[in-house]
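Participant: Sequence:
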Amino acid sequence: MYRLSIAGVARPAFRSFATTSRVMAGADSGAPMGGSSAQGDAFHKREKANEDYAIRMREKEKLQELKKEMAKQHEALKKLEDHIDEISKNQGGEQN
1 MYRLSIAGVA RPAFRSFATT SRVMAGADSG APMGGSSAQG DAFHKREKAN
51 EDYAIRMREK EKLQELKKEM AKQHEALKKL EDHIDEISKN QGGEQN
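Residues 1 to 96, numbered by full-length UniProt numbering, are exactly what the sequence shown covers, in order.
Hints are computed from structural coordinates only; laboratory data are not their basis. Do not take every clue at face value.
Stated by the list, open to error - Here are the simulated DSS-like pairs of lysine-lysine, each with C-alpha atoms no more than 25 Å apart in a straight line:
no.	residue 1	residue 2
1	60	48
2	78	67
3	89	78
4	60	72
5	89	79
6	79	67
7	48	67
8	68	79
9	68	78
10	62	72
11	60	45
With these hints in hand, go ahead and build the complete structure from the sequences.
Facilitator: In structure tokens, the structure reads:
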């Protein structure tokens, strides 16, 4: 009986568990330490390369559309210049 009362005093009624937070590096995918972390880095590099490629392609398409719009505007300006030149020639007086 005496032994049980001593054991109850020495051991608390609840136990606290120590927990630590796991800190990961920027490119770490949570893979265990060792050779497989290189695969995680390769995966992230490949994903970033794919995203960068997609962004470049979208920007390239936008630039092509802008170039087409600029060509249309240049044509319109050229027509207006020709029309102005034609009107100024027909106004009489000094002929150009």
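Participant: Next, verify each hint and record whether it holds.
Facilitator: Each hint, compared with the structure:
| no. | hint | result |
| --- | --- | --- |
| 1 | 60 - 48 | holds (18 Å) |
| 2 | 78 - 67 | holds (16 Å) |
| 3 | 89 - 78 | holds (16 Å) |
| 4 | 60 - 72 | holds (19 Å) |
| 5 | 89 - 79 | holds (15 Å) |
| 6 | 79 - 67 | holds (18 Å) |
| 7 | 48 - 67 | violated (28 Å) |
| 8 | 68 - 79 | holds (17 Å) |
| 9 | 68 - 78 | holds (15 Å) |
| 10 | 62 - 72 | holds (15 Å) |
| 11 | 60 - 45 | holds (22 Å) |
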